[in-house]
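Use the sequences and the hints to build the structure in full.
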Amino acid sequence: MMTYQQVNSTFLPKSKDEQPYLNKQVALEANLITSKENEELLSKIDEYKNKINELEKKIESKTQEIHSYDNLIVTLEEEIKDLKDKKNKSDCTQIETLNNNIIKIQEENIKLQEQLTAQKEHAQLLYILMMILVII
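Just add 706 to wherever you are in the sequence shown, counting from 1, and you've got this note's numbering.
Since the hints were made in silico from the structure, they are not lab data. Being a predicted model, the structure only gives us computed values, none of them experimental. A virtual CB, placed ideally from N, CA and C, is assigned to each residue, including glycine. Hints are not guaranteed to be accurate.
[Stated by the list, open to error] With a Cα cut of at most 27 Å, we get these calculated DSS-like pairs of lysine-lysine:
1) 787 to 810
2) 763 to 750
3) 755 to 742
4) 768 to 757
5) 795 to 810
6) 755 to 768
7) 810 to 793
8) 757 to 742
9) 750 to 764
[As the list claims (entries may be wrong)] Quick list of simulated restraints, FRET-style, between CB atoms:
10) 758 to 783: 33 to 39 Å
11) 781 to 820: 30 to 36 Å
12) 748 to 784: 49 to 55 Å
Here is the structure:
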(Lines of atoms letter the chains of each structure in order from A; the text may use other names.)
(Lines give C-alpha, C1' and ligand atoms only; values in the text may rest on other atoms or scores of the structure.)
Protein backbone atom coordinates (compact mmCIF):
# COMPACT_ATOMS: atom_id res chain seq x y z
CA MET A 707 0.00 0.00 0.00
CA MET A 708 0.95 3.55 -0.55
CA THR A 709 1.71 5.92 2.19
CA TYR A 710 1.44 9.65 1.94
CA GLN A 711 4.20 11.88 3.12
CA GLN A 712 4.00 15.53 3.76
CA VAL A 713 5.75 17.57 1.09
CA ASN A 714 7.45 20.84 1.83
CA SER A 715 6.11 23.37 -0.67
CA THR A 716 7.17 26.87 -1.42
CA PHE A 717 3.68 28.17 -2.09
CA LEU A 718 2.37 31.02 -0.06
CA PRO A 719 -0.60 30.02 2.05
CA LYS A 720 -3.92 31.72 1.38
CA SER A 721 -4.84 34.40 3.74
CA LYS A 722 -7.95 33.66 5.70
CA ASP A 723 -8.99 37.30 5.54
CA GLU A 724 -9.76 37.13 1.76
CA GLN A 725 -13.33 37.87 0.88
CA PRO A 726 -15.01 35.10 -1.06
CA TYR A 727 -16.93 37.48 -3.29
CA LEU A 728 -15.98 40.82 -4.67
CA ASN A 729 -18.16 43.80 -4.49
CA LYS A 730 -21.37 43.10 -6.45
CA GLN A 731 -21.17 46.44 -8.27
CA VAL A 732 -17.66 45.67 -9.56
CA ALA A 733 -18.74 42.19 -10.61
CA LEU A 734 -21.73 43.56 -12.53
CA GLU A 735 -19.56 46.17 -14.29
CA ALA A 736 -17.00 43.54 -15.24
CA ASN A 737 -19.80 41.30 -16.46
CA LEU A 738 -21.27 44.16 -18.56
CA ILE A 739 -17.86 44.92 -20.02
CA THR A 740 -17.31 41.31 -20.97
CA SER A 741 -20.82 41.02 -22.43
CA LYS A 742 -20.20 44.19 -24.50
CA GLU A 743 -16.89 42.77 -25.65
CA ASN A 744 -18.63 39.51 -26.52
CA GLU A 745 -21.29 41.38 -28.51
CA GLU A 746 -18.59 43.33 -30.35
CA LEU A 747 -16.68 40.16 -31.07
CA LEU A 748 -19.85 38.42 -32.27
CA SER A 749 -20.64 41.34 -34.57
CA LYS A 750 -17.08 41.21 -35.91
CA ILE A 751 -17.47 37.47 -36.45
CA ASP A 752 -20.68 38.12 -38.38
CA GLU A 753 -18.92 40.76 -40.47
CA TYR A 754 -16.09 38.36 -41.22
CA LYS A 755 -18.57 35.63 -42.14
CA ASN A 756 -20.30 38.05 -44.53
CA LYS A 757 -16.95 39.02 -46.03
CA ILE A 758 -16.02 35.34 -46.39
CA ASN A 759 -19.31 34.66 -48.16
CA GLU A 760 -18.75 37.60 -50.51
CA LEU A 761 -15.21 36.44 -51.23
CA GLU A 762 -16.43 32.90 -51.88
CA LYS A 763 -18.97 34.28 -54.36
CA LYS A 764 -16.25 36.30 -56.05
CA ILE A 765 -13.99 33.24 -56.19
CA GLU A 766 -16.78 31.20 -57.75
CA SER A 767 -17.48 33.87 -60.34
CA LYS A 768 -13.77 34.13 -61.13
CA THR A 769 -13.46 30.36 -61.50
CA GLN A 770 -16.41 30.40 -63.90
CA GLU A 771 -14.74 33.23 -65.77
CA ILE A 772 -11.51 31.22 -65.90
CA HIS A 773 -13.39 28.20 -67.25
CA SER A 774 -15.01 30.32 -69.94
CA TYR A 775 -11.62 31.77 -70.90
CA ASP A 776 -10.16 28.26 -70.96
CA ASN A 777 -12.89 27.22 -73.37
CA LEU A 778 -12.23 30.30 -75.47
CA ILE A 779 -8.52 29.52 -75.52
CA VAL A 780 -9.22 25.96 -76.64
CA THR A 781 -11.47 27.14 -79.48
CA LEU A 782 -8.95 29.76 -80.54
CA GLU A 783 -6.16 27.17 -80.54
CA GLU A 784 -8.31 24.93 -82.73
CA GLU A 785 -8.98 27.82 -85.10
CA ILE A 786 -5.27 28.60 -85.23
CA LYS A 787 -4.53 24.97 -86.02
CA ASP A 788 -7.15 24.95 -88.77
CA LEU A 789 -5.76 28.17 -90.21
CA LYS A 790 -2.23 26.77 -90.14
CA ASP A 791 -3.44 23.65 -91.94
CA LYS A 792 -5.20 25.77 -94.55
CA LYS A 793 -2.10 27.93 -94.92
CA ASN A 794 0.08 24.85 -95.35
CA LYS A 795 -2.31 23.47 -97.95
CA SER A 796 -2.37 26.77 -99.81
CA ASP A 797 1.41 26.96 -99.56
CA CYS A 798 1.66 23.45 -100.99
CA THR A 799 -0.61 24.33 -103.90
CA GLN A 800 1.34 27.53 -104.52
CA ILE A 801 4.59 25.57 -104.44
CA GLU A 802 3.17 23.07 -106.92
CA THR A 803 2.00 25.81 -109.28
CA LEU A 804 5.35 27.57 -108.98
CA ASN A 805 7.16 24.30 -109.71
CA ASN A 806 4.95 23.76 -112.75
CA ASN A 807 5.68 27.32 -113.91
CA ILE A 808 9.42 26.75 -113.40
CA ILE A 809 9.27 23.56 -115.48
CA LYS A 810 7.39 25.39 -118.27
CA ILE A 811 9.88 28.27 -118.19
CA GLN A 812 12.82 25.82 -118.29
CA GLU A 813 11.27 24.11 -121.30
CA GLU A 814 10.80 27.47 -122.99
CA ASN A 815 14.37 28.38 -122.11
CA ILE A 816 15.64 25.18 -123.73
CA LYS A 817 13.57 25.91 -126.86
CA LEU A 818 14.87 29.48 -126.98
CA GLN A 819 18.46 28.26 -126.56
CA GLU A 820 17.93 25.82 -129.43
CA GLN A 821 16.49 28.61 -131.55
CA LEU A 822 19.38 30.87 -130.62
CA THR A 823 21.97 28.27 -131.59
CA ALA A 824 20.07 27.65 -134.84
CA GLN A 825 20.04 31.38 -135.58
CA LYS A 826 23.77 31.62 -134.80
CA GLU A 827 24.48 28.74 -137.15
CA HIS A 828 22.27 30.34 -139.79
CA ALA A 829 24.06 33.68 -139.33
CA GLN A 830 27.43 31.96 -139.64
CA LEU A 831 26.24 30.19 -142.77
CA LEU A 832 25.04 33.48 -144.22
CA TYR A 833 28.38 35.10 -143.34
CA ILE A 834 30.25 32.30 -145.06
CA LEU A 835 28.01 32.68 -148.13
CA MET A 836 28.63 36.42 -148.19
CA MET A 837 32.35 35.80 -147.99
CA ILE A 838 32.12 33.39 -150.85
CA LEU A 839 30.11 35.90 -152.86
CA VAL A 840 32.59 38.62 -152.13
CA ILE A 841 35.41 36.41 -153.26
CA ILE A 842 33.69 35.52 -156.48
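Now the hints, each set against the structure:
1. 787 to 810: violated, 34 Å
2. 763 to 750: holds, 20 Å
3. 755 to 742: Roughly 20 Å separates the two Cα atoms, so the pair holds.
4. 768 to 757: holds, 16 Å
5. 795 to 810: holds, 23 Å
6. 755 to 768: holds, 20 Å
7. 810 to 793: Between residue 810 and residue 793 the Cα gap is close to 25 Å, so the pair holds against 27 Å.
8. 757 to 742: Cα-Cα ~22 Å, so holds.
9. 750 to 764: Judged against 27 Å, a Cα distance of about 21 Å means the pair holds.
10. 758 to 783: 33 to 39 Å: holds, 36 Å
11. 781 to 820: 30 to 36 Å: This hint is violated: roughly 58 Å between Cβ atoms.
12. 748 to 784: 49 to 55 Å: holds, 54 Å
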